[in-house]
Every structure is written in structure tokens, then in C-alpha cells.
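K.L.:
Take a look at the letters that make up each chain.
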Amino acid sequence: MIDKLDHAFRFYQDAANLRAHRQQLIASNIANADTPQYKARDINFKDAMEGALTGKRGVILVTSAPKHIASPTGTGVAAGQQLLYRTAVQGSVDGNTVDMDVERNQFADNAIHYEANLTFIGDQIRQMRTAIQG
Amino acid sequence: MSLFNIFTVAGSAMTAQNQRLNVVASNLANADSAASSNGQPYKAKQVVFMSTSPTGDNGISNGTHGVRVSAVIEDQSPMKMVYEPSHPMANPEGFVTMPNVNVVEEMVDMISASRSYQNNVDMMNTAKTLLLKTLTIGQ
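First to last, the protein sequences are chains A and B.
The first sequence begins at 144 in my numbering and counts up by one.
The second sequence begins at 266 in my numbering and counts up by one.
Please keep in mind that the hints were generated in silico from the structure rather than gathered at the bench.
The model shown is predicted, which means the values in this text are computed figures rather than measured ones.
Do not rely on the hints blindly, as some may be mistaken.
Now the stretches of chain A that chain B is said to cover, found in silico as 3 or more residues with beta-carbon under 8 Å [said to hold, decoys possible]: (1) 147-156; (2) 170-176; (3) 226-240.
Among chain A residues calculated to face chain B with C-beta under 10 Å, some are [stated by the list, open to error]: (4) A159; (5) N160; (6) R162; (7) A163; (8) H164; (9) K189; (10) D190; (11) Y257; (12) L261; (13) T273; (14) A274.
Ideal Cβ positions, reconstructed from N, Cα and C, are used throughout, including at glycine.
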């Protein structure tokens, strides 16, 4: 019963985790807008989400000491996403590839997707409650 | 909760930009200081930004980077020589060594720093909204 509930919410939970992770990546891009040699990073949300849904959760933790705990399935959605480098539209002299227009755009876009995701979760919880209470 | 990390990242950037703004203020204020505290003409200062990699609870970097000011360097460009024979610090030829502060450059730097600061404040506000919305899940 409980695992069915968990399964019902799994999709939106994974999506929210990924969105939060991506929000954080874009935040660090904006924070480093003036840092020389900084390269803007991002994840491919589609690939990451597909990876999360098929249970292929990115990297597996390396166990290099006997006391390390092995993780056959990896840990968490955001743990093993492949970080990509953003292609700079206009390169700059100091080697920084943060384009503020692109980053602000993606930041707002990601925030709205995250909020939408929260709304979906809320709706689903309400549906579940209606089903339970009748 | 990874959204909390945004506060750390944006906070570090705000501190760094604030320091840059401080240096700009110092440069502009001393644009005409023929002698600074060490007796020499004031030299323009510049901050150097460096990205830092905070590690998560598990000790593994999660790909996010904050910023910190790694050094404050002195501008090595030549000093301005101003012809002013009546000045008490003028050399025998009548020239006074003035600071190498480029006021136009400093003004541009100031605008850039304040814009970056604003960006980071916006970012924090967005993260705050998202977090508060997250807290209302299921209500």
C-alpha cells in the first residue's frame, strides 16, 4: 500500500529533485558571471529525467575502502547527473562562458517548471485524499 | 535540500561583489590623492574573483560553485603625471605624480558590480519563493 503511494508520487518527486538541482547549477553560473575562466554548466533535463525514470541513476559510488557502503543503484536523482558545458554564444576575453541573458532566461524557466511541478504534486495529493475520504 | 545551496552560492557572490564595490569606492575616492598613507601616490586596486567548490554533506562536490575574492591586486599601469608647479609635492620639473585611477573604468566597474549584486538578490528571492511553495505541498 505504502509503496504504491510512493510509486504514485515518484515521478513528480524525481522531477522536483532534478529541477531543484538544475536551479542550483544555474544559480552558481549567475554567481560566477564575473569570475575569470569559469565555464557555465548545466544538465540536459530530458536525459536526466529519462535516466531517473528508467532507474539508471547516473554514477555508482566507488568503494575504495572496506568500510565504504556500496550503492548498486546510485544515490538520489541529482547525484549522478552528467554535467555538461554550455556553448558560449559570445565568448569573452577572460575565458568566462556565462551569458547572463541565457542564464536568467533558464533560471526563470526552471523556476516556473518547478512551481508547476509543485502544483501537480499538490493536486495529486488532493486527489488521493478525495479517494481515501470518499 | 539542494535549494538551500542557492543561498550559500548567491550569498558568496553578493559578498564578493560587495567587496568589488568597496574597492571601486576606494579607487574613486582616492582618484586625486597625490599621497596615500605610505607617502607614495595611491595605486588603483582591483579584486580577483575565484570560484570555490563547496562540498555537500557527503563530501562530494555537486557541481555548484560559489565565488570568493582570492586577492586584491594593485594596478601596475603607469602613474599620471600632472604639470602643476605650485603643488607642494611637485618634482623639480613641476610635475606631480597622481594616482593611476581611471575614473571611467571605475564607473563601468561600479555599474557592473551593482548589476551582478542585483542579479544575485533576485536569485535569492526566487529560491525563497520556491522553498516557501515547497513547504505548502499537500495543504
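K.L.:
Indicate, hint by hint, whether the structure satisfies it.
P.N.:
Quick rundown of the hints versus the structure:
no.	hint	in the structure
1	147-156	violated (count 0)
2	170-176	holds (count 6)
3	226-240	violated (count 1)
4	A159	8 Å, holds
5	N160	8 Å, holds
6	R162	9 Å, holds
7	A163	5 Å, holds
8	H164	5 Å, holds
9	K189	18 Å, violated
10	D190	15 Å, violated
11	Y257	6 Å, holds
12	L261	5 Å, holds
13	T273	13 Å, violated
14	A274	15 Å, violated
Hint violations for this structure: numbers 1, 3, 9, 10, 13, 14, all remaining hints satisfied.
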